[in-house]
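J.: For the record, the sequence lines run as chains A and B.
Mind the numbering: the first sequence is residues 1 to 303 in my numbering, read in order.
Mind the numbering: the second sequence is residues 1 to 445 in my numbering, read in order.
Just so you know, not all the hints are guaranteed correct.
[What the hints assert, rightly or not] The list that follows gives simulated cross-link-like pairs (lysine-lysine, DSBU-like), each with its CA atoms no further than 30 Å apart: (1) B:Lys158 with B:Lys320; (2) A:Lys190 with A:Lys296; (3) A:Lys296 with A:Lys213; (4) A:Lys296 with A:Lys207; (5) A:Lys68 with B:Lys401; (6) A:Lys68 with B:Lys320.
[As the list claims (entries may be wrong)] With the Cβ distance kept under 10 Å, some of the chain B side facing chain A (calculated, not the full set): (7) Thr107; (8) Ile109; (9) Asp130; (10) Gly132; (11) Ser334; (12) Gln336; (13) Asp410; (14) Thr414; (15) Leu416.
[Stated by the list, open to error] Between beta-carbon pairs, the in silico distance windows are: (16) A:Ser27 with B:Gly143: 43 to 51 Å; (17) A:Gln291 with B:Gly281: 40 to 48 Å; (18) A:Gln57 with B:Gly281: 46 to 54 Å; (19) A:Asn233 with B:Glu184: 36 to 44 Å; (20) B:Ala72 with A:Lys109: 26 to 34 Å; (21) B:Glu438 with A:Ala149: 42 to 50 Å; (22) B:Asp371 with A:Ser52: 51 to 59 Å; (23) A:Leu32 with B:Ala435: 50 to 58 Å; (24) A:Lys207 with B:Ala435: 56 to 64 Å; (25) B:Thr245 with A:Phe285: 37 to 45 Å; (26) B:Asn160 with A:Ala149: 56 to 64 Å; (27) B:Val440 with A:Thr124: 31 to 39 Å; (28) A:Gln57 with B:Asp371: 51 to 59 Å.
Hints are computed from structural coordinates only; laboratory data are not their basis.
Here a beta-carbon is modelled for each residue, glycine too, at the ideal position from N, C-alpha and C.
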Amino acid sequence: MKNKNSKGLLTALPFLMPSIGGFLLISLIPILFSLALSLTSYSGLKGLDIFSAEFWQQNFVGFENYQKIFSGSEFWDSLLHIGYFIILYIPLMLASSLGIATLLNKPRKGSVFFRVLFYIPVLTSWVAGAIIWRWVLDPQYGVLNDLLAKVGIQGPGWLQDGNWAMVGIVLASVWKDMGFYGLIFLGGLKNINPEYYEAAQMDGAGKTQKFFKITMPLLSPIIYFALVLSLINAFMIFAQVMIMTGGGPYGSTEVIVERIYNYAFHYHKMGYASALSWILFAIVFVLTFIQQKAQKKWVNYDA
Amino acid sequence: MKKRLLIVFMVLAMVASMFAGCQAAPAGQDTPDAPSADEQVSAAPEEPTESEESEEPVTISFVNYSAIEGNAETIDRMKETFEAQNPNITVEIETLGYDDYYTQLQTRIAGSNAPDCFELEFGPFVSFADEGVLYDISSMMSGIDTNVVSQSSLDAFKYNGANVALPYSYSTCILVYNKDLFDEAGIAYPDDTWTWEDINTAGEAIKALGDDHYGIIQPVSTYELFKVVAQNGGSLLNEDNTQFTVNSPENVETLTYLCDRILNTNIAPTAQQMGSLDEWGVFMQGNTGMIVTGIWCFTRFAEECDFAWDICVEPGNKAKATHYFANGLAVSGSTQKAEAAYKWIEFLSTGHDMAMARVEAGWELPCASYDDVLALYLETTPPDNKQAVFDSLEYVVSQPKITEFSQMGDILNTELQAATAGQKTPQQALDDAQAELETVIDLTD
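Just chain A, with the same shape it has in the complex (with noise of 0.2 Å):
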């Protein structure tokens, strides 16, 4: 058994060795790259030569650029900010696939249609879905705010409103990620086997009873897992950020990659472009590690 189990790495090692090498040229040696910049003043203008002397006796500071971004308030801020969205986000995103799970995985006519309607945000470039967003919310000739209107409510300026803003990016990503963890919610609801609910039924239960004793405990291997990645690219948003208010207005929508990203191409600082997602890394790392040993509490494997 032991021999044979080496044996088929050994077999393998060829097999895999494009997308390992894939693997270490594009993700683990530029990652490696990196934490060492972290430490330098690297504009990111120059040829790197990261191997010389030379560039490290220029270059090499230390962990100031760490030192900077803790005592700076703009990391802090653009913290409070993915904060905020994510309070808000988690919530909307899991209640309305959730949402459209339930309503899908009723037998319809036309249900495949619907589920292919509410997949095609998924599959529209953040691009092209931003600048919808940023039409559909426009303060004053909007279609959300006419929507408002209409039922008496004056909308307020959405991305223009830096108390807003944020809402409104909310709103965009809801769009566009509740039909993918739609399709997993899906997915799960049609693993659940349907003898429960009849159990249930014979037994009395009503449809929220069904709902909490039945439905989210046999989906919660699912929520974690929705979780789990919809609160690491919480922390990642960047291209709707970018798209719909650059971090404004007046810097309350700043986020950390869209700090990252200034940093590294616009402010000539990729030494410290570095620190700061290493930074990221960090906490991502820190929160997935806390929902692991978290999930024992809640998640329910025994389906």
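Chain A is already provided as a structure; the job is to place chain B on it using the hints.
T.: For chain B alone, kept in the frame of chain A given last:
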């Protein structure tokens, strides 16, 4: 099992180091005879030229952002003319979208894969020059006639005493006004004698024409502000660029004037009133009396405005001040074909054909001035008062030459947006900007 695993990991490590080797090699290999070329602007001016026989065919790569859409044809025609004059040189033109132009250019230079020559704006030019990635072309420039390309525009692209780029094209900002609305309000058209106060008076008269009317639209951003404060005798930095002077009384007064127009009299629209439209979009709707913008708006306004419009030099307060945007052409510091690359950029910068083609195509103005080219430019209307474009050159204030201008711009913009949204008073916003700039940007190095 353990041993085998170890072997696997060693193989992996070997592969890893192999790839690492591949990556590291070009950086060292690429510039064996001019290793200092990356380091200093003034490095190795002769070396590459020696290796270049004039007969030997060379191919140079040129990357730019301005030859988009219709202009691609113009530059292709120029390339043909140039190649006919220099049969041994072939030019490969690559035009990238402006939005990620600098990201791409930076990545190529950092990856030791820089184009032989490229276009760049005045703003980022300082950062590139400071990093020493531009070639010192001072010694090659003897053939340039300063009657055609002015000494001052050549000097604008000097860094630490060395010419590291040639001026390519330029544009200025002017005041564009909607003639129809001025007629409707029964007030006189703006002219070069106007001041801020006249703008406010006229703005209110036009605002009175209707709820959805605005007097003036002018962005409140770093790019705009450094010029508007100069109109009020202020500046964002001290004279030798060693200190920020963002919250000086003159500047606070300037921002107060700009914010009042938006928040109090509302002769200028708020961000929410503008919504998803940009400044041009609002002006082209025909309800706005005036707009401060760049001369690159002419083509679009001529096509899309269904009202009469004209221009004049931007009004000032204590002084007149206008903004000047310049695009330059640089030779890469690491190229082996500097001579050929320089020939091409000199042709683009100073050539009569190129200048004429630019004006014929309604492209940005050439830095090279030829009488017949200028005559053609002035003849093309609207606007009727094209002379204002050249008049406004007399009041140019140049953008501060600091390497961290783009970060400075973002920091200041955030505070300016807070002020125009009424979240902070102008004083508070500029104080905060000053404090933030002082902590984040070190001007002494």
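J.: All hints, please: hold or fail.
T.: Hint check results:
1. With a C-alpha separation of about 26 Å, the suggested pair Lys158 of chain B and Lys320 of chain B falls inside the 30 Å cut-off, and the hint holds.
2. Between Lys190 of chain A and Lys296 of chain A the CA atoms are separated by roughly 24 Å; this keeps the pair inside 30 Å, and the hint holds.
3. This hinted pair checks out: Lys296 of chain A and Lys213 of chain A have alpha carbons roughly 18 Å apart, not beyond 30 Å.
4. A distance of roughly 27 Å separates the Cα atoms of Lys296 of chain A and Lys207 of chain A; the hinted pair therefore holds under the 30 Å criterion.
5. Distance restraint check for Lys68 of chain A and Lys401 of chain B: the Cα-Cα separation of roughly 25 Å lies within the 30 Å cut-off, and the hinted pair is therefore satisfied.
6. For the suggested pair Lys68 of chain A and Lys320 of chain B, the alpha carbons sit about 40 Å apart, so the restraint of at most 30 Å is broken.
7. Interface hint at Thr107 of chain B: satisfied, since its Cβ lies 8 Å from the closest Cβ of chain A, which is below the 10 Å cut-off.
8. Among the interface hints, the one on Ile109 of chain B holds; its C-beta lies about 6 Å from the nearest C-beta in chain A, closer than the 10 Å criterion.
9. The restraint placing Asp130 of chain B at the interface with chain A holds, with a minimum CB-CB distance near 9 Å, inside the 10 Å limit.
10. With its C-beta approaching chain A no nearer than about 7 Å, Gly132 of chain B sits inside the 10 Å limit, and its interface hint holds.
11. Annotation: Ser334 of chain B was flagged as interfacial toward chain A, and the flag holds, the nearest CB pair being 7 Å apart, inside 10 Å.
12. Evaluation of the Gln336 of chain B hint against chain A yields a violated restraint, the C-beta minimum of about 14 Å exceeding 10 Å.
13. Interface hint status for Asp410 of chain B: upheld, as the beta-carbon distance to the closest one in chain A is roughly 7 Å, under 10 Å.
14. Of the supplied interface hints, the one on Thr414 of chain B holds, with its beta-carbon coming within about 4 Å of a beta-carbon of chain A, less than 10 Å.
15. Taking 10 Å as the C-beta contact cut-off toward chain A, the hint placing Leu416 of chain B at the interface holds, the least distance being around 8 Å.
16. Between Ser27 of chain A and Gly143 of chain B the C-beta distance comes to about 50 Å, which sits within the given range of 43 to 51 Å.
17. Between Gln291 of chain A and Gly281 of chain B the C-beta distance comes to about 45 Å, which sits within the given range of 40 to 48 Å.
18. The hinted range of 46 to 54 Å is satisfied by Gln57 of chain A and Gly281 of chain B, whose Cβ atoms lie roughly 52 Å apart.
19. Checked against the hint of 36 to 44 Å, the pair Asn233 of chain A and Glu184 of chain B fails, with Cβ atoms roughly 53 Å apart.
20. Distance hint for Ala72 of chain B and Lys109 of chain A: a CB-CB separation of about 52 Å, inconsistent with the stated range 26 to 34 Å.
21. For Glu438 of chain B and Ala149 of chain A, the hinted distance range of 42 to 50 Å is satisfied, since their beta carbons lie about 46 Å from each other.
22. A hinted range of 51 to 59 Å holds for the C-beta pair Asp371 of chain B and Ser52 of chain A, which are about 53 Å apart.
23. Evaluation of the 50 to 58 Å hint for Leu32 of chain A and Ala435 of chain B yields a failure: the beta carbon distance comes to about 37 Å.
24. Taken as a hint, the range 56 to 64 Å holds for the pair Lys207 of chain A and Ala435 of chain B, whose Cβ atoms sit roughly 58 Å apart.
25. Remark: the range hint 37 to 45 Å for Thr245 of chain B to Phe285 of chain A is upheld by a beta-carbon distance near 44 Å.
26. Look at Asn160 of chain B against Ala149 of chain A: about 59 Å separates their beta carbons, and that is inside 56 to 64 Å.
27. Taking the beta carbon of each, Val440 of chain B and Thr124 of chain A are about 37 Å apart, inside 31 to 39 Å as hinted.
28. Here the CB-CB span from Gln57 of chain A to Asp371 of chain B is close to 55 Å, well matched to the stated 51 to 59 Å.
Checked against the numbered hints given earlier, this structure breaks hints 6, 12, 19, 20, 23; the rest are met.
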